[in-house]
Amino acid sequence: MSTLKSDLNLASPDDIYNLIVDAHKSLSREQSEKLNAALVLLLANHVGDEAVIRAAVAAARKSLSA
Amino acid sequence: MATYTYPRYAYVPPPELVLKPGGPQTAPVLIVGAGLVGLTLALDLALKGIPVTVLDEDDTVSIGSRSICQAKRTLEIWHRLGVADRMVAKGVTWDQGEVLLGDEPLYRFDLQPEPGHRFPAFINLQQYYCEQYLVERCIAEDKVDLRFLSKVVGVRPGDEYVEVDVQTPDGVYQIRGQWLVACDGVRSPVRTMLGLPYEGEVFDDQFLIADIRMTADLPNIRRYWFYPPFHPTDSVLLHRQADNVLRVDFQLGRDADAEEEKKPANIDRRLRMMFGPDARWEHEWSSVYKFSCRAMPRFVNGRVIFAGDAAHVVSPFGARGGNSGVEDADNLGWKLALLIEGRASASLLASYDKERGAAARENIRQSTRSTDFITPKFPAARLLRDAALSLARDFPFARAMVNSGRLSRPVAYAESPISSPDDIMATWDVAAPAPGMPLPDAPLLDATRGEVWLTEAVAGRFAVLSFAERASSLDGAMARAIVDMADDIPGFRPILITRDRSGAPDGWTTVIDKSGLAARRCDARDGTTYLVRPDQYVAARARRLHDSWVLAALKRATS
Ligand SMILES: Cc1cc2nc3c(=O)[nH]c(=O)nc-3n(C[C@H](O)[C@H](O)[C@H](O)COP(=O)(O)OP(=O)(O)OC[C@H]3O[C@@H](n4cnc5c(N)ncnc54)[C@H](O)[C@@H]3O)c2cc1C
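Quick note, the sequences are listed as chains U and S, same order. Position 1 of the first sequence, counted from 1, bears residue number 1 in our numbering, the numbering being contiguous throughout. Position 381 of the second sequence, counted from 1, bears residue number 381 in our numbering, the numbering being contiguous throughout.
Calculated from the structure, these hints are not laboratory results. Heads up, the beta-carbon is just placed ideally off N, CA and C, and yes, glycines get one too. Among the hints, a few may not be true.
So the derived label-pair ranges between C-beta atoms look like this [stated by the list, open to error]:
| id | chain 1 | residue 1 | chain 2 | residue 2 | range |
| --- | --- | --- | --- | --- | --- |
| 1 | S | Asn220 | U | Arg29 | 53 to 61 Å |
| 2 | U | Lys25 | S | Ile63 | 56 to 64 Å |
| 3 | S | Ser347 | U | Arg54 | 32 to 40 Å |
List of simulated lysine-lysine pairs, DSSO-like, C-alpha gap at most 27 Å [claimed, not checked]:
| id | chain 1 | residue 1 | chain 2 | residue 2 |
| --- | --- | --- | --- | --- |
| 4 | S | Lys262 | S | Lys377 |
| 5 | S | Lys377 | U | Lys34 |
| 6 | S | Lys151 | S | Lys262 |
| 7 | S | Lys90 | U | Lys62 |
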């Protein structure tokens, strides 16, 4: 079991960030929401670790009130 | 209905109103409700020698087909009561399910991939047939006093007995039970009269359930469509039942007008889209439902005990309603019988509450999740549900998330007060039945009876089950000690499972495990011993046969 990484874990963060943003280009709001939902499930399965996913869910919820 | 004529069972004026005895009679067990659960319990008790009186307000079986999917565990229980073979012969056997998106199959699941079981994962048989066969079996049983047109209209619990008022065509009379078991269904008048809580969640989505008679060349599998072309807004479930009857279940959403939807012309329009212009059918029965998941916080309330829908109700995705009710009866029967025979302490009933309470919570958890998947409650829930569905075409992991119902399996009693923990030094295969789990099935050979099944060999009473590759290798002194012990415990049976019966100990029933499946499924080695409860659940297991261990485990399992 590992913990949710909060320090940088990507070799080129700008690339990854733009990759995800670009995926939404020219999508309607509805399509974007669908894309995000599929992405979340794919990544969650890849991560596989329940504790990490729980921590990510909590962190994402917390970011809403920031 | 076209295929089924409802039986009318005879109402017999009760002795209380005919002979007018001095005061109310006291039955050891009074059961309110002759549905799947009350009938199962009545038979189980009667076969254990306990007289029961069953009161039902009706004089026939379940009106309309409600339950259709009868699970393997339920069939094992009904087999012990002598009715399962008739049901299997009449019903439609199935092990597999298919989930589709649009008209494209997403995946199939197999509930019983390995052979070597007495019963299939499921049969589909209409509830009215199941009840009819149970009623006929009850009528043939002297110890069951089954009273129709006998409606319970008053309940007075006491310290020594429970008294009820029974309304009949000839008037009202009183009868008492040392124990009263309320199997009177989801609206349970007994529960209501006693003002006991029944809490949970009601789902807003409506479902149209249509049973139709149609000769169609369909496979014996359960099929679930999300967004099918013939019902593009929602989902549809299709099952085959006996008598060429199909069960079609259309999800209608929250806002549907139930009265409109029930009109035959509207049902026909939906069916026409599903089955095409050439199909012909007759209506058997139809209804529009909303589902709920609710349970009582406690099933045992003094001398009044609740079982089946009266105690808990789930949505039908997963077929956990009737099946879990039959498991309640199975769990309660032997405990009540031992109590009444004075061979167990009253605290044994606490284990019913604990074990079946945990099972109800697990069934509710599972069926709530299925219902939430099928009827997403808010926009993001639908978004994620639909994402899982579309990913499921290409990604196996997403197929595992698609939840069209997780089908009924017996729940393990992980924290049962009457299970004995494993020896901390012993190691067991994770698939082997731990204490609190039902014994698996396996084919065996008996010298006198020929083919028998493991679940048949241990049915009904406590059993010690020992394994030895060669019968002669069983510890002789221990084998004798167990036989001496068994003499003091009615019905207690020592059973030896072996490959070579020569030199088998006296007083033991020896059965041959030719295929080796029993030993494999129980992760057995020479000397491995299970103590099995009358409901075929494992109470304790050990790597070595020892009489004092058996005695201690037996004591714990009955207190
Ligand atoms: C559409 C649908 C589909 C379902 N499909 C399945 C399925 O596939 N598999 C499954 O396992 N379950 C299924 N179920 C659930 C199943 O039908 C119930 O769980 C089951 O009937 C419960 O049995 P019971 O004996 O507890 O109660 P009931 O069957 O409701 O029986 C209660 C009995 O009590 C009697 N009674 C009531 N009040 C009184 C009174 N005052 N005095 C005397 N008698 C009284 C009634 O006459 C009745 O006979 C389904 C349910 C529905 C609605």
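Hint-by-hint comparison with the structure:
Evaluation of the 53 to 61 Å hint for asparagine 220 of chain S and arginine 29 of chain U yields a failure: the beta carbon distance comes to about 45 Å. In this structure the supplied range 56 to 64 Å holds for lysine 25 of chain U paired with isoleucine 63 of chain S, their Cβ-Cβ distance being about 59 Å. Here the CB-CB span from serine 347 of chain S to arginine 54 of chain U is close to 39 Å, well matched to the stated 32 to 40 Å. Our distance criterion of 27 Å between C-alpha atoms is met by lysine 262 of chain S and lysine 377 of chain S, whose separation comes to about 24 Å.
Our distance criterion of 27 Å between C-alpha atoms is met by lysine 377 of chain S and lysine 34 of chain U, whose separation comes to about 17 Å. For a cut-off of 27 Å, the pair hint linking lysine 151 of chain S to lysine 262 of chain S is broken: about 30 Å separates their Cα positions. For the hint pairing lysine 90 of chain S with lysine 62 of chain U, the CA-to-CA distance comes to about 57 Å; that exceeds 27 Å, so the pair is violated.
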